[in-house]
Structure formats: C-alpha cells, structure tokens
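Given the sequences, and given the hints that come with them, work out the whole structure.
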Amino acid sequence: MHSDRAPIALQIAAFAGLAFLHLPLLLIFVYAFTTEDRSYQWPPPGLTLKWFAVTWNRPDVWAALGLSLKVAAISTVVAMVLGTLCAAAVSRAKFFGREAVSLLVILPIALPGIITGISLRSAFSLGEIPFSTLTIVLGHATFCIVVVYNNAVARFRRLSGSLIEASADLGANGFQTFRHVILPNISTALLAGGMLAFALSFDEVIVTTFTAGQQQTLPIWMLEELVRPRQRPVTNVVAMVVVLVTFLPILGAYYLTRGGTDTAGGGK
Amino acid sequence: MEAVRPGIAARLSDLFWRRPGALLLVLLIPPLLWLGVIYIGSLAALLVQSFFSIDEFSGLINYEFTLKTYAELLRPANFDIILRTTLMAAAVTLAAAVIAFPIAYYAARFAKGHMKALFYLGVMLPLWSSYLVKVYAWKLILAKEGILTWAVDGVGASAALNAILALPVIGGGSLSVSYIGTFLVFLYVWLPFMILPVQAALERVPANLLEASNDLGARPGQTLRHVILPLAMPGIIAGSIFTFSLTLGDYIIPQIVGSSRLFIGQAVYAHQGTAGNIPLAAAFAVVPIVIMGLYLWMAKRQGAFDAL
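If you read the sequences in order, they're chains A and B.
Here the first sequence stands for residues 0 to 267, where the numbers follow numbering that gives the first Met the number 0.
Here the second sequence stands for residues 0 to 307, where the numbers follow numbering that gives the first Met the number 0.
Just so you know, these hints were derived from the structure itself, not from any lab.
One or more hints might be untrue.
Partial chain B-side listing against chain A, Cβ under 8 Å, derived [claimed, not checked]: (1) Phe78; (2) Leu120; (3) Tyr250.
Source: prediction; values computed, not measured.
For glycine and all other residues, C-beta sits at the position ideal for the given N, C-alpha and C.
Structure follows, in structure tokens:
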C-alpha cells in the first residue's frame, strides 16, 4: 500500500484542530488555581488552593448542584423508560407513521433549544402551572429521550429475532423473555444512553432558563456569573469541577459501547 | 395471589404474540403521550400566539387572528436581527466545515488503533463538556487582560490585532465585544457537531476508490477534489444542519461575548421577558423553524440524511 502516511500538511491541520478543541478546556484548569480574583489576568500572578475551600463552604453552590443532580436523575429515569419503549416499537415493526415517530423523538433536539424553552414557558403560563422542579424535569426529559432512543435503537437492530423466538420455543412468556433475554442484551446500551442523558440534563441551560422560574440549577448559577461576574474565583473552581463531572459519564458511555458500530454519543 | 400472577403474565404475552399491534400500541402510547402532549402541545401553543398581536396602548395581548405580528418582523430593526443571525450562522458553518475536514479525514483514513480512540474521544469530550464552561473559557481567552492579548503581544503582533479591531462592523473595542469574538465562540462550541458526521461520511469512502483514482493518474489534489470531497458532501451538509440550527437559536453566546446588537435568540428572550410581547417573541421563534425547514428540505434533496 502506498500513502499509508498522511501528508504532513494534513497531520498539522488535524492535530492543530484537536488542540483548538482542547486548549480552552485546559485553560479552565489553570484558572481554578489563580490567586487573582478581580480580573481574568494571564499569566496568573500566583497559584493557590484556597478557592477550593471557599467554594466548598458556599451553600448556594451546593444548593444549585443538588437541584441539578436531582433534575438530571429524574429526567434520566423518565427518558430511559420512554426512550426504550419508543425504540422497541420502532425497531420491531414497520407501521404507519413510523417515520413520524422517530421525527417526533428527534425534534426536541433538532429545533433550537430556545424554541422548546419558550414553547414550554408559554404552555405553563397558559395552563397556569407554577414553576417547580417538575417543570424543569418536563423540559429536560423531553430532549433526553432522544439520546436513550438512539442508543437503544442501534442495539435493538443488532439483537437477532431468532434469540427471542428461541426463548419463546423454550417456554418463556413475553415478560420472562424480556427479563432474561432482551434486557441483558440491551443493558449496556441503555446504561450508556442513560449516562449521556444525565450529562445532557446536568449541563442544560437554554431550556432551563425558561422552565426554572426563580430556581437555580448549576448551569443557571454559572450563567448568572457569566453575565455579571461577582465571584470569579468560585466560578473558576465550579467550571473545573463541572468539566470533570461531565467527562466521567462520557468516558463510561464510550467504554460500554466501544467496538460496536453504534458507539454512544455520536449525536448529541 | 401468587399463583395467579404468572397466569396473567402468560395470558398477556399470549395476547401480545397473537396481536403484535396491541403490543406496539402499549409500547408507543407512553412516549407518544409525553411528546405529543408536552412538546407538540407547547409548540402549538407557541405557534398560535404568533398570530395574536399586542395592543400598543394597553400592552395587553389581543386574542384575534392577525398577521400584523409577522409584518413587524419586516421592520428594518427586526429584519436586521434576522439577517445578522443568518449571516453569522452561515459564516460559522463555513468555517466549521473547513476546520473539521482535515480532522475528520485524518481520523477516518489514517488514524489506527490507539490514535483512532484518541481522535474519537478528542472530539467527544469537547462535544459533551459543559456548554457554559466552554463559553466561559472563551471569556477568559478573549478578555483584554487574557491569554490571547498576552500571546499576541508576546509575538509582537499587537499592531495587527489593533488593525483588525479597527475594521468597521466586525471590529470593536476588544475581541470580547466584537463579532469576531462571537464568531470564534460559536465556531468553537459547534465544531464537534461538524466533525462527527463528516468523519462518518469519510469512513464509508472505500480505499480502492482512492487507489483507482491514483492509478488513473490523478494527483492527490485531484483525487481530493473529484473523489473525496463529493463523497464527503452529505456528511458536511449533515454537520451544517447542526452548526446552522444551533447558531440560529442560541441567545447566550452573543449575550456574553459580542457587541450589544441582538441575535434572533436574544430578541425572543427579550420580547417574552421584560417587554412582555409574547406574540412578537413567538413570531421571532418561528423564523429559525422556517429557515431550518427550508434548509432540511434542501439537505434531504442532497441525500444528507444517510450520513446522520
């Protein structure tokens, strides 16, 4: 084989592109340790660990983190149930309106978040529903369904129909087949989808600004700091922690679905 | 009761086996109910509001069908917002395609084993890291006292930077309050959404096609232009759907990095919030839907959906 080495210009462009994607994130890590607390001065005049202690003692950060985790957990569970049901239906049968169903699932993420947000907001105000954790979850679960659905659909497609028939021939009823044959086969895909849904919900800000009212999730807390910086050092630390927290589920989802053609996370 | 339960389960699964339609219905009803009621219901509520108008004197919503609110969109101040957002979305999409292509091409064709995993995660981690943290990182980078000014000074190019900032329209007081800043942040945040579909399209280009082109005497540049690029096109269009749509609807990035001139998302947010003009906000929200509808229709004709 000729040309198994990439042209040097291509290598430079590719690695420069990767660097462009990662350097800003690395910068976040440096800023978490800076001693400067009034500006974004570079290079940092000194390094310190004291902002970690300051952040640790901030009740508003903890409250926002708690709400974010709660919302993400509930939304993930809802999305996993609804996304799996939908994937099972779409992958096992061809029926009238099948295309419409998959479009309906994808729509909340295909249309800009602000449209989902303002739609829900105006629906809440028409229905006179007060803002609560539930209203945030309603929005989050809606756009999380698609990530679970994508992962589950890919796995259902690989799941051979003869396995299910064999289970039935051996006398298992539908629920036993689901419990002992289907579930073990799709579990890693569901777990991966769930992790991605969790990460998506944990990070969501655009829809949340419309559905949260006065409540603060962690992204909303960050947004307020971004618009009106008041406590830069605390924001720096929170930003670094958020990067670390979102990396874990992504790496987890990658290792769970690695090797397949349906590696998770391809379509955020 | 213990003895009855398996009986019910068995009878139910018999029913589902004989009538697959019933099972399908049971599977579909919960998700369709959720999406249909919550999502489509809300969308419809929004759409309906865009056909109402606001009374100029009382500030109350006039619940009568009218196209007046849509006509408001054509007023110069509002139309500028639509034009500005669309141009920005187009610029971001173009730049993202140019930067994404080499990354995707290298990852699809030359990266093997560990390198392949590195490239995959190298795109995936920025894609999934927190949107706000990414925007925040750019606020740090573009700040006047930040790393970019420092680096530009370091290589002695501050005169060039000042010359660029002095340009009309795209320039400004500093990078963080100029269109260039907004553009850079958009580009950074949406770039992974372009890389993945382009890479997916390039993975499917058979190697022997490239060999054939080579054997027929094409120089590498010709192969790239006449073989690889046309085959990558569906992927680029698929990626552009993301970059275009996401830029059209975003209201946070231009609010944090950029000049004070509004984008569609900000207009929606401002009109539904402090101004309380829900009909106009709704009409503004319909604009990205219509633009994306046209865009998707054109993309479908190019066969872009096979690359998603």
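Evaluated hints:
1. Phe78: Result: violated, 19 Å to nearest chain A Cβ.
2. Leu120: 6 Å, holds
3. Tyr250: 6 Å, holds
Going down the numbered hints, you'll see the structure goes against just number 1.
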